[in-house]
Structures are given as structure tokens and as C-alpha cells.
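Protein chains: 4
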Amino acid sequence: MTTSNDLIRGLPSAVEVEGYIETLSNWGRWGAEDRLGTLNLITPQKRVEAAALVREGQVVSLSRDIDPEDADPLHTGIAKVQRFMGIGELEHHLGRGVSRFDGITDYVGIAAHGSNTHLDGLAHYSWDGKQYNNRLVTDTVTSIGGCLELSVRDAYEGIVSRGVLLDIVALHDGDWLEPGHAIGPEELEEAERRQKVTVGSGDVLLVHTGHVARTLQHGVARENGKVRQPGLHAGCLPWLRERDVATLASDAIQDVQPSGYPDVSFLRPIHTVGLVALGLWLIDNMELTELAAACAERGRWEFFFAMLPWRMAGVTSSATNPVAIF
Amino acid sequence: MTTSNDLIRGLPSAVEVEGYIETLSNWGRWGAEDRLGTLNLITPQKRVEAAALVREGQVVSLSRDIDPEDADPLHTGIAKVQRFMGIGELEHHLGRGVSRFDGITDYVGIAAHGSNTHLDGLAHYSWDGKQYNNRLVTDTVTSIGGCLELSVRDAYEGIVSRGVLLDIVALHDGDWLEPGHAIGPEELEEAERRQKVTVGSGDVLLVHTGHVARTLQHGVARENGKVRQPGLHAGCLPWLRERDVATLASDAIQDVQPSGYPDVSFLRPIHTVGLVALGLWLIDNMELTELAAACAERGRWEFFFAMLPWRMAGVTSSATNPVAIF
Amino acid sequence: MTTSNDLIRGLPSAVEVEGYIETLSNWGRWGAEDRLGTLNLITPQKRVEAAALVREGQVVSLSRDIDPEDADPLHTGIAKVQRFMGIGELEHHLGRGVSRFDGITDYVGIAAHGSNTHLDGLAHYSWDGKQYNNRLVTDTVTSIGGCLELSVRDAYEGIVSRGVLLDIVALHDGDWLEPGHAIGPEELEEAERRQKVTVGSGDVLLVHTGHVARTLQHGVARENGKVRQPGLHAGCLPWLRERDVATLASDAIQDVQPSGYPDVSFLRPIHTVGLVALGLWLIDNMELTELAAACAERGRWEFFFAMLPWRMAGVTSSATNPVAIF
Amino acid sequence: MTTSNDLIRGLPSAVEVEGYIETLSNWGRWGAEDRLGTLNLITPQKRVEAAALVREGQVVSLSRDIDPEDADPLHTGIAKVQRFMGIGELEHHLGRGVSRFDGITDYVGIAAHGSNTHLDGLAHYSWDGKQYNNRLVTDTVTSIGGCLELSVRDAYEGIVSRGVLLDIVALHDGDWLEPGHAIGPEELEEAERRQKVTVGSGDVLLVHTGHVARTLQHGVARENGKVRQPGLHAGCLPWLRERDVATLASDAIQDVQPSGYPDVSFLRPIHTVGLVALGLWLIDNMELTELAAACAERGRWEFFFAMLPWRMAGVTSSATNPVAIF
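Protein chains in written order, with the working numbering: chain A, 1 to 326; chain B, 327 to 652; chain C, 653 to 978; chain D, 979 to 1304.
So that you can see chain A by itself, here it is in the shape it has in the complex (with noise of 0.2 Å):
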């Protein structure tokens, strides 16, 4: 367990971090038009291959329940979700009695970075005014208009591809690992040698880290008043580009809390590397409870994966609900 006292093992340096936007960068790499970054690694071969993984035809579901009435369940004072009914269209519009059908529809509104389980899109962080592919922020995104490029909207043929889950949990006692645990390269190495699976180009990568199913039933984990919660730390970027994986997904937001860094420009380093530099999509706030099970009782860590995030102009995120089917 890493405790808030504890340096982080193998943490590089802020000066290494700032460094990764250049090293790890995927500017250039798919065209100075691309706007795809690392889905750009999932091939149509590659998704030929995800679908023979679907031998059974069981999915698991790797979102919660939306729910307006516990909108924000993770607490972290960002998230939204609004729900109003139009009932009785027909009896409405033609008075009562008129039609014996009548229609119910509703409107929704989110918030969806925050507790729901969303994608983060590439227009979602930007580093010394700069997005992806050497956008600048200011003239990517604007207060009407939204995010004139890099919006989710631009997945629009979605996230299918092979998953791999690393189990993290299962290297440890417990149903969870302790807030503030951060997750290196190795350890995620020896989640791959345990489990038998490699992670590779165009895959992608679910982490297990329980910390949605632990502030769930515990709440949220605070020490000196600054948030708690296992993840990924600054480390393992060199890793991801490495591996190329295509989408990083976890049951948490991927970057170990507290970062180790004091300086506030490195609080979440795998969200800013990542989106900005690596042009790497992320999805968090996954349930990935189910899915430990179901892997663990096949022994078997890869599946079919999907996400499909709705088509929409100029936005940041979307609330999806990602399937693993085995």
C-alpha cells in the first residue's frame, strides 16, 4: 500500500513529465489533419480479430446506472444528470380522451465528465494552450460553438476493438486497491504475466483498480483534505505509447490521486500527456466489478469490446455504456 508519506516508487521527475509531450508525442504521426490519435491504431484487421473473440455471445455491461436522482454518486461536484418527463403528447396536443395511444418522451441533461461512466474526448485537456496534433485550444474551442475540432462526435465509428482487462486488484488482498495506490509499468507487467495476456497495438486497456466499488460503499477517500484514489501514475505513459494502446479505460480516472507532484500543472499527468500528446481517448469511471468476475472465472482477460459514443458536434465527453462481449 502506498501511503500519502510514501514517494511514489519509479516516479519520474516533473522535468521527465513536461519532457513526454515532446517524446511520447503522436503529433504528425496519422497527418497534421488527423483527429482520430490513437484510434487511428484500430485496424480493420484488428477488429476482425476482436470478433472472433466472441464465442459465447455473454456481455457485460462496464457502466452504472445513470440515475438523476443520484446524480453525482462519486461526489466529485462536477457531475450532472437531469431528467424531465412530457407525459400524455396525445392528450396534450388533442385533449383527454381523444387517442386511445399515447406517446411519453423525456429530456435529459449531463454533465457527463465527473461520476458517470463517460469518454474523454481529445478536446477535453490542453497543455500551455495547445490540444492535440498542435491545435490551439483557442481556436479549437469556443464558448457557442463548442469544440470546433477534436469532438467526440469524430469516433463516430466507435470503440470496437479487442479489451484487455489487468486485473491490479487481484495482485493484492482485497476487493480493492487502497486509495492513493499508484500503479507503475511493472506492476501492470506483472498483471500481463499473471493473466497470461499482452497487451498490444490497437487494444483497450481496462485497469481494475475498485475504486468505483470501494467509494461506492466507503465515500470518498480524502487525506489532508486532498482526494485519494489508486491509478496509473506519470510512469507508465512511456509504457502506453509504447504498447500503443488505443483507448485506456479503468473503474476510476485512470490517474493515481495524489499525483505525486506538487506543482498543479502535473495533477493528472496521464489525462494531460495523454489526451494532448498521445491523442490517447480514456474512459472513466467504468464498473468493472462483473468483468473481474467473468474473466476471472473463464481465465481468460480478452474479449470483444465496444463503445459507442453518441455523434454529437463540438463536445468533450460522452455517457456511454461500453460492453465487453466473451
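By construction, these hints were calculated from the structure, which means they are not laboratory data.
This list has only true hints and no planted wrong ones.
Cut-off 16 Å, straight-line C-alpha distance, at most; resulting in silico cross-link-like pairs (EDC-like, lysine to aspartate or glutamate):
no., chain 1, residue 1, chain 2, residue 2
1, A, K46, B, E382
2, D, K1108, C, E743
3, B, K406, D, D1048
4, B, K372, A, E56
5, A, K130, B, E417
6, D, K1058, B, E395
7, D, K1108, D, D1012
8, C, K732, A, E69
9, D, K1174, D, E1280
10, D, K1024, C, E708
11, C, K782, D, E1069
12, B, K406, D, E1047
13, C, K698, D, E1034
14, D, K1058, B, D396
15, D, K1058, B, D398
16, A, K80, C, D724
17, C, K698, C, E809
18, C, K732, A, D72
19, A, K80, C, E721
20, B, K406, D, D1050
Following the hints, complete the assembly by docking chains B, C and D onto the known chain A.
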């Protein structure tokens, strides 16, 4: 072409349609507590077979862009799409220049019914105050609590199955069916014969009408003030039940408009009988132009289909992006 | 001080309160079609007299700030305030640098009931399915059409009358009444005697309890899980009817909580009997600290009062800013 | 009548208007920290005098209904009004039949700029990146925090003063001015002479153009694709400054459209110079038909005026209901 003066050939009488509520009913078929309706027809084996259709790994998105600046492209008066940006999260909370990274967020509001590609859940319609599987709408749907039952949330395993496109446009001249064109079962079967494909149990049936493409180009078609759209007439209902279609989808709202019945209770029999009696899930207003071309090019009208509605408690709809994968 | 173990002195029985629905009723008093209830008591002559109270021209605002970043300051779980900005309208539509002027706009969402200063319109409550002046709530209030009758829109002439502050806090030690303090008619009259003022027909009665000030400083008061607030007990209802108060307002929700009745039907008798039977408009959660000081300083507890609810069709509430002018 | 081919008589040149930003400026007049602009001109004494105008106690509402079912009656494309109901609060939380009383609530969303009667606060416009009293718009207005300064919240004492209606319609034939009719200072003074009233310091000036009435009856007027509306031309700006008007209000958007300048920077000089340089608060899109009749009937064009914008942090607008009291 069917004009407003024509009778619709083979159209069942209103009394016959009323009878469908009982004769075609799936109430109780999967138990008194069932909430999935025709999604029960998508068996694990069906998913395995569907995955086997992924041979090239090519994806076709079946949704148009959802765009807040053109929220209601089909001019239904119902669709709403709003997007609000939160720019400069770190700067807002910490002050200017404190952090080198910054975050962009958004809040999105949507009424999915109407113009945009969306799923109709089983709580969307009632007949004589009842919803699918003998639920009283006054029990099922509440103003504050939303749909207490039959929410699209129940489809959290997604709609993943074999998709079959029946290209009715290709049976006629032109890029789209005439507004008001009524498709009967014989025309569905004519398409089957031409395409050498048979719709079967658990399939997602996609019907290409060209309606969305025509409307975007020429605007809403009206005659004597009534909206005219191509679609299935009520005589298809026994066929849909017999074939055990799991989900009916099209680039229109399924129901031909006008439906051929003067009584408003029969304004949309496919919606009404489909949702309430069959428990048949519907996907309205897809974009099928590209898919029809992709099928024709390959001489193949079956493919892997996936739609992953959001897992939201208490709603009748989900705006989402279905895909076909070849 | 009333503690939770005390009986509330002078509290009418539940049966008596139930009787008030008929005995205190204003139904039909201003005709069967009346929608204004006690606002009928504000005659033109009353407004002229109120205007004569403007002697110094000093304004005291009776609302606290409504702040999206602290949307629910009284922690009711009901209040919602959202604000979204549209920055750079011209730049968005014309491009950067085209116009030297630019416009900023906003979209605001609010659920006025709950924490913020707001007007309760007559459609806000029902008793046995009826609303003011014998309206069936199922006729009056619809999901899509809103309040077809009794909307705050009907108060489009505003609430402009003599305001009278009864400072109940000043009858006791401290800056606020204890949570749960139940005010009866004798205490209202004690304040009248002390202040040498008499509440009369058409007056807006403001009752100073200190509740909002206390809650903002010390948080919500609870005992055995029940919220405790000072306010009027049900025994004030005949007094309010007899005095023909036009609007009842306070820095609380009018009703003492707990109300003294175990039956939930009598949870808020001032609201229930007031809105439904008397047609009495209510203004909840004002900020009265400054007003109480201004009155005490002048030895004058009557003033010109104005509240101008928005003219919105079909709603039960209006967030707005009432003022007192001396 | 001014037609699109006419020059506007007396129209200052664009260079002159640009000069107004400095020559008519109120920056610093009430101190470097001032946020109230021309509302400073409403002195306590002014309010006392205004109250003395309440002689009959008759109220005229100056707002039209705000109606979610007709959210944008002037077809500006900007206005939004949404209303969502919460019906059966007690039933929802406690179950059916538990309580004899029940509550109805609502959530309202509004973009006040555009079609409905609303106040323009001083943060609404910028010129060369500056707002009233030398504020940099990039400091003043933020995406997440809203208007950090110059919010309509600052007008929490309301706008309570003498109102003066100048009925420009009455100087011409017909029920409204022609679209595009440009009002200059000489026409304002002609109305003053006819009505025997003089606009002075601290007054709320209401200008009757008939624009809203005409638009509701005949639709938006366009010529060569440009919207045409009657209103003040830029030559009125020195007059407004000289008379020290506290608030400019009308049943239009103040600015004649087209404004007479080809450069888009001068599209709305009354708004731009008024808000930014003078710190002049504006009330757009009132309903003045009834007020004009009430004034004419009495031969009295001055009255008690009150508008009480909501006390909301960080916004540029307030939808509200101003009233005139005779």
C-alpha cells in the same frame, strides 16, 4: 407510388389492428416480470453468429451528426439539442496562469425523440393506458421519478445482433421512396428475394426508405397540411411478429404517414402495436444512405449490428450511434 | 423556546385544521373564475396608500443572491440553479476580428422552490386532489402544458402593496428564533403591540424568524433526523384569514417544522390551507436581516413593498427579488 | 417613413459614433469601482418623486407572457424558454395515497436575450474588448464563472423611478412605425412637446414603436435578407447622455435596424455605446400597446416605474416583468 388518394393495398382494417394488440401480443411470453420484450430474441448464440459477420472490419455509422446548431433537422418541433461549454476549469478555480494544463467540459441537453437518430424504449407508448407486458402507464411512468419500469436502461446489454438491411428504395426508381409510400409485407419479401436474404428471429431489421435523405434535401413533405413519410403500414405487424424481429430500425419513423386510418388512435400502428403488444424496440431516423451503398457494393445485406443505448434510469429514449460492421 | 418534546401551545387539532379547508375558504369569494385569490385584496387604493410610504427613497432588497456556484444554500435537495454563458456572439457568427463590438449571452436554468427567494403560486399545492377555487389538480396541472390555470403568470400586475414586518426575533434573545420555534397568533399580536402596527386587509405580511441567517451560519438543524425550522403553526390560519393578508412572506418557509402533527397530510398546514383554501400567495426564504435592522432603526415597520414575478405561462414559482422601499 | 434607399437624416458618421465611446463616456464618473452606471442617476429623491405619481393605483404590465410553447415569438433564433414540471412530489417520495396534500414544482430554462421582455445588463456588450468602466471583457466574463463583474445582480435595488413614455407611434399614422423607421433626437423632442413632458435625469425612458405588436401580427420584416425594425438611430446617443436617462426601454431592441452603417461594428450603436460607454441599462421587447393607450386616455405620460431583475450572480440578462403604476 402511393398518393393520398390511393387506398393502401392490403391495409388491415382498424378493427383488425385493434385485434393485433391481443393476437400479436408477447405479453407473458418471457414471464410476467419481463422488461426486455423482443430483445429476449437476441440469444448468446445469435451474438456469436453476428460476430462471425465481421469479415473486413469496416464500420458504417448509422447516425447522422447531432448538432445543437441544427437541433431539429427534420422539423418535428419535438427534437431539442443544447450544448453548453465550460472552458478553463483550472483557470476558473485556481486563477489565471496557475496551471499549464486546463480542462474543457460540457453540459448537453437532449430530447432524443423527433429528428435525431434514437432508440424508442418500451415506455414510449401506451394503448388504453397499458404498456408492454400489462403495465399500467399510471404506475409505470411518473413525472418526477421517470419511467419506473421499461426504461431504456434495461437494455444495458445493448442491441448486438445480426443486422439485415431491406433496401426498399432499390426496388423503385430514384434515391428515396415517395413521401407517403406504404410498405407492406409483400414488399419486404420482394426485397428479401432480390437480396437473397431472409429476416429471422433476433435480427435487427433495417428498412431503407430514403426519407431522411429526401427531407434534408427537399424539406418536410405535406399534403393538405398532413406530413407525408414513407414507412411500413400496419399490415406488416403480423409479419414482424412471425419473423420475430428483435428491433425494427429505419431512416424514418417506421410508420408510413398518413397511416391510412382517419381515427387518431391508429395514427402510428407500428409504434403502438409494436411497442405495447410486441415489446418491439424501434430505432428511428437513422442515416442509411451509406449503409445501402455498402451493402450493394458487397452484394451482402447482413452484417454485425451494434447499438449501445445509455444506461439511464427512467427514460423512454436514447440518442446514440448504431453501427454496422462488415 | 419550543423543543421537540414540547407540545405546541394553542395548536389546533388535525381535525380542526382539516375543517379550515372549508371554514377559512375563499373559494367563490371573488367569483368562480377567480385565479388571483388574496391578491384581490390589493386594491388600487391600497397601492396608493403603499406608495405614500415612500418617504426617503431607500430600497432594501429582500432576496439573497442566487448563485449557480451555491445553488442550494439551505440544502433542501430541491433547489437548482444553472448558468451557461455564450461568449463572443459576433466572433462565433462572423469570425474573429470582424466586429469591434461583441455580445455576451446566457442561459439560466432554475428550480425556484427550495433554497432561494421565490414566490409560491396557487398551483403549487393540492389537497384531496383540489387546488384553489375548486380546481381539480388533474385538470389544472399537466406534464407537457404546465399549469393550465393558477400560474404565477396571473400575478402579472405584481404584488405591490403595503409591507409590514413583524419581527418575532426581536421578541426574544439572539439573532434568530430557535429551530422548531412555533409562532402562534398571540405572538404575531405581541409583535404588533410592540411595534405599534396592525396588519390589515391587502397587506404583505413579512415575518422575521432569522431562519435563513441561522442556517447559512450553522447549517440545517435536525433532531431525530427531522428538519427543524421556526415558523407559523396552524393556529395562525384563522388569523391570516381574518386579517385578510394578501401575501405571507418570511425568511423561512412559513410553516414551523415539525408542524406538530404526526400525519404527513399536515406536514405543512400553512402552505396547504393557505394556498388551497385561502388562495394565499407565499414568498419563501427571503433575506430579512437588513430589513429588520432598517425597520428598527427607523422605528417604522411599514413600507412600500413590491415583488414582480415573471410573467411565465404555466408555472408554480418565480425566483425574483422583492424590495421594501422606505 | 425611412425606406432602405433613404439615408437616415441626421445620422452621425461612423467616425463620430466611434468618438462617442470617449466623448459620451461615463467611465469614472461614479468612481473607478462603479458597476451601476446610469442607475446611479436614480437617487432616493427620484424614487420619492416617482412614488408620488401613484395616484390611482392602476398597474399596467409591460411584459408579454413568456410561454414555453411559443418561446421565440419574434423569431430571433436566440430566445429559449423551457418549462419542465414535477408533479406529485409527495406521491413520488412517499407512495400513492399516503398524503392528502401534494406539491407541484417546476424547472425553468431561459435565454432571456432575443424575443422576450428582458433587461440587458452592462456585461452584455463589449467594444474593442472593453466593457463599462474600463473593464477588460476577458477579465469580466468567464465561461464557468459567468460575469465576474457587471452582472444584473448588481441592480438588486431594482429599477424604480419615474417612467416617461414617448409615443413615437402617435406622431405618425397607424398602429406602429414602419420597419426600419429611424428615430432621431428631434423626433423624441417632438413627442416631448406634443405630450408636454420632459425627459430628465434618472428617468426610465420608454419609447413606443409598435414593433412587437407589428411583428406578432405580420411577422418579421426583411428587405434584401436584412431584418428591419424601427428604433433609435445613433444620433440619439448624445441626447441620451445629455438628458441622463437612467434606463432606455422600448417595445423593440432600441437600435433601428438597419442602423445605417455598412460596417458590422456599428450594427447596434445604441447597444454598444449605451452599454459600454454610458453604462446605460436597456430593456428590450416590452409590450407597450396597453401603456400607450393608458397614457393617452389620461393625457399623462409619466408614471411610477418598477422593474425588479432577479438577483442572480454572473449574468447579462434578466427576464422579468416591469410595471407602470398610475
